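Undergrad: One line per chain: the protein sequences are P and C, in this order.
Count along the first sequence from 1, then add 18; that gives the number in the working numbering.
Count along the second sequence from 1, then add 18; that gives the number in the working numbering.
Worth flagging that the hints you see were computed from the coordinates, not collected in a lab.
The model shown is predicted, which means the values in this text are computed figures rather than measured ones.
Just so you know, nobody snuck in bad clues.
Calculated cross-link-like contacts (lysine to aspartate or glutamate; reagent style EDC-like; alpha-carbon spacing at most 20 Å):
hint, chain 1, residue 1, chain 2, residue 2
1, C, Lys198, P, Glu300
2, P, Lys198, C, Glu300
3, C, Lys231, C, Glu241
4, C, Lys285, C, Asp247
5, C, Lys248, C, Asp288
6, P, Lys259, C, Glu189
7, C, Lys259, P, Glu189
8, P, Lys309, C, Asp175
9, C, Lys149, P, Asp175
10, P, Lys237, P, Glu216
11, P, Lys146, C, Asp175
12, C, Lys146, P, Asp175
13, C, Lys309, P, Asp102
14, C, Lys309, P, Asp175
15, P, Lys198, C, Glu299
16, C, Lys198, P, Glu299
17, P, Lys309, C, Asp102
18, P, Lys149, C, Asp175
Protein chains: 2
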Amino acid sequence: MNEPFALGIDIGGTNSAFGLVNRRGEIIVKSSFPTKGHATVEDYIVAMKAAILPVIDDNGGKGNVIGVGIGAPSGNFYTGEIVDAPNMPWPGVIPMARLVSEGLGLKATLTNDANAAAIGEMMYGTAKGLKDFILVTLGTGVGSGFVANGQLIYGHDGFAGELGHVIAVREGRMCNCGRKGCLETYASATGIVATAEEWLDTHTDGSLLRTHKGEITSKQIHEAALQGDKMALDIFAYTGKILGQTLADAVAITSPAAIIFFGGLAKSGDLLLGHVQRHMEENLLHLYRNKVAFLRSALPDADAAILGASALVW
Amino acid sequence: MNEPFALGIDIGGTNSAFGLVNRRGEIIVKSSFPTKGHATVEDYIVAMKAAILPVIDDNGGKGNVIGVGIGAPSGNFYTGEIVDAPNMPWPGVIPMARLVSEGLGLKATLTNDANAAAIGEMMYGTAKGLKDFILVTLGTGVGSGFVANGQLIYGHDGFAGELGHVIAVREGRMCNCGRKGCLETYASATGIVATAEEWLDTHTDGSLLRTHKGEITSKQIHEAALQGDKMALDIFAYTGKILGQTLADAVAITSPAAIIFFGGLAKSGDLLLGHVQRHMEENLLHLYRNKVAFLRSALPDADAAILGASALVW
Numbered sequence: 019m020n021e022p023f024a025l026g027i028d029i030g031g032t033n034s035a036f037g038l039v040n041r042r043g044e045i046i047v048k049s050s051f052p053t054k055g056h057a058t059v060e061d062y063i064v065a066m067k068a069a070i071l072p073v074i075d076d077n078g079g080k081g082n083v084i085g086v087g088i089g090a091p092s093g094n095f096y097t098g099e100i101v102d103a104p105n106m107p108w109p110g111v112i113p114m115a116r117l118v119s120e121g122l123g124l125k126a127t128l129t130n131d132a133n134a135a136a137i138g139e140m141m142y143g144t145a146k147g148l149k150d151f152i153l154v155t156l157g158t159g160v161g162s163g164f165v166a167n168g169q170l171i172y173g174h175d176g177f178a179g180e181l182g183h184v185i186a187v188r189e190g191r192m193c194n195c196g197r198k199g200c201l202e203t204y205a206s207a208t209g210i211v212a213t214a215e216e217w218l219d220t221h222t223d224g225s226l227l228r229t230h231k232g233e234i235t236s237k238q239i240h241e242a243a244l245q246g247d248k249m250a251l252d253i254f255a256y257t258g259k260i261l262g263q264t265l266a267d268a269v270a271i272t273s274p275a276a277i278i279f280f281g282g283l284a285k286s287g288d289l290l291l292g293h294v295q296r297h298m299e300e301n302l303l304h305l306y307r308n309k310v311a312f313l314r315s316a317l318p319d320a321d322a323a324i325l326g327a328s329a330l331v332w
Numbered sequence: 019m020n021e022p023f024a025l026g027i028d029i030g031g032t033n034s035a036f037g038l039v040n041r042r043g044e045i046i047v048k049s050s051f052p053t054k055g056h057a058t059v060e061d062y063i064v065a066m067k068a069a070i071l072p073v074i075d076d077n078g079g080k081g082n083v084i085g086v087g088i089g090a091p092s093g094n095f096y097t098g099e100i101v102d103a104p105n106m107p108w109p110g111v112i113p114m115a116r117l118v119s120e121g122l123g124l125k126a127t128l129t130n131d132a133n134a135a136a137i138g139e140m141m142y143g144t145a146k147g148l149k150d151f152i153l154v155t156l157g158t159g160v161g162s163g164f165v166a167n168g169q170l171i172y173g174h175d176g177f178a179g180e181l182g183h184v185i186a187v188r189e190g191r192m193c194n195c196g197r198k199g200c201l202e203t204y205a206s207a208t209g210i211v212a213t214a215e216e217w218l219d220t221h222t223d224g225s226l227l228r229t230h231k232g233e234i235t236s237k238q239i240h241e242a243a244l245q246g247d248k249m250a251l252d253i254f255a256y257t258g259k260i261l262g263q264t265l266a267d268a269v270a271i272t273s274p275a276a277i278i279f280f281g282g283l284a285k286s287g288d289l290l291l292g293h294v295q296r297h298m299e300e301n302l303l304h305l306y307r308n309k310v311a312f313l314r315s316a317l318p319d320a321d322a323a324i325l326g327a328s329a330l331v332w
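Same shape as in the complex, but just chain P:
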């Protein structure tokens, strides 16, 4: 007899990763299949069944699977829906938890990807034992999960924790959401690229980035900074200031013991987070100073999403 598993599914804009996870947070088996390329969400569910069901059968069958946890952008814990996710192939409201549950014949729970990551960190990662922390994902966009009193803050409607859409700069950059100055238009991979392209237009000084103008990637900015390129270093400093100021305001609301960073841009390490921490501390009310730990996720990116999703089940 096998031990019981949770099935964790992380639905990204491009790929969907999944894994069977035991209660101790060990991923027994994992794989993925494309999110893109299906005409309808029903076709996507067919592809999901084809990818996942054989893996379940090879590992003791459905009887061993306690349930399914799903992390997805704009996912709602209370309704199980994905709502108007800008990076998903399907527009509008997708009742994903129900579709997955019917498709796989297993109980399914869904939350947004950053909330899932926060739960994963709390159960298996850097946040183990913390009752009050903020998880910030710095990827294509900015996501967040706020934990207070040992519980994720879902809000009355399941949509709490959108730090990426706090207005960091009044009348600032246009955001995909239709408003101006959202944090994620600055403090994400997309945001630092936008800063670089802007600065190459408005500044005249030389930079390694000039050769990539018009098609700069966040990786190139990182590499230029590592080579000591002043503009690239200044871009990280500027981004860190905006993120640090915004985090100082968030701390005044939930007073966390730690902020945990996750995602591609978090890997830029002190190039970015050093500035973030300094500007956050400078902008903190005295009550909060020198108390908020700055931590990086210790879980591998792909695993964290699967672990977080699976943690919804227990």
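Given chain P, put chain C in place with the hints provided.
TA: Quick look at chain C alone, frame taken from chain P:
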């Protein structure tokens, strides 16, 4: 045999109000004594005993009092201390819960005044039955209590919920806390007075407020607005915009079902709150629009503070 009571004490900068409250939130008896005018906090405790102990004796004695709940500015739930409260007569860290407990010979719990008000609203007031809401006190300063999942957010250190010290205007007005642009430098009684005094200097148009220049009160601004004075009306509109923008950002973090307003400035009603609500809605991410109820506390000011403090006991 009398029914059991909680003793609620609201320690304000000028006066301390207290009352004996039963489990249904009925204040059986209430009174007050001065906070100011005592050389030391020990002298204050002596005055407290003189004021409170006879009232307890008249109502069945200490045996009938389950415990003491205290609301105080900059009060910390975890430590029972008042920490660097700018409006208190005593500087530094005051172990108030312990002093009260020793003084009265009763178990005492303390939290900050806005948190106490939030608990009072949740148990006995407008927030009854709400699991996710924000209480905002608009008085001399701006206080707040955030409730999520039916629990007050204290944060890891007991200092969460300082909405008044979120930076509403970058590089804005100097705050007592030493930083610039804090919400409470604009959206409090002190804040609207500062706006009025500033505008009388920088604007040339006539206003009923000109006759009070140099000693304007928030009440005068309210009265001038009621008489249709354009500058006074514009001051409320300006204040409402800043508060509305800041609340929109707070909603993106905790997604509350309601925001409940309490305190002197909240009584300006639609003169202020109409603008607040409009600007909050305009600045909300689409997910949150037309979902957040705007409510005013239904508890009388003096009673709410006592009720909130007493509610800590149960």
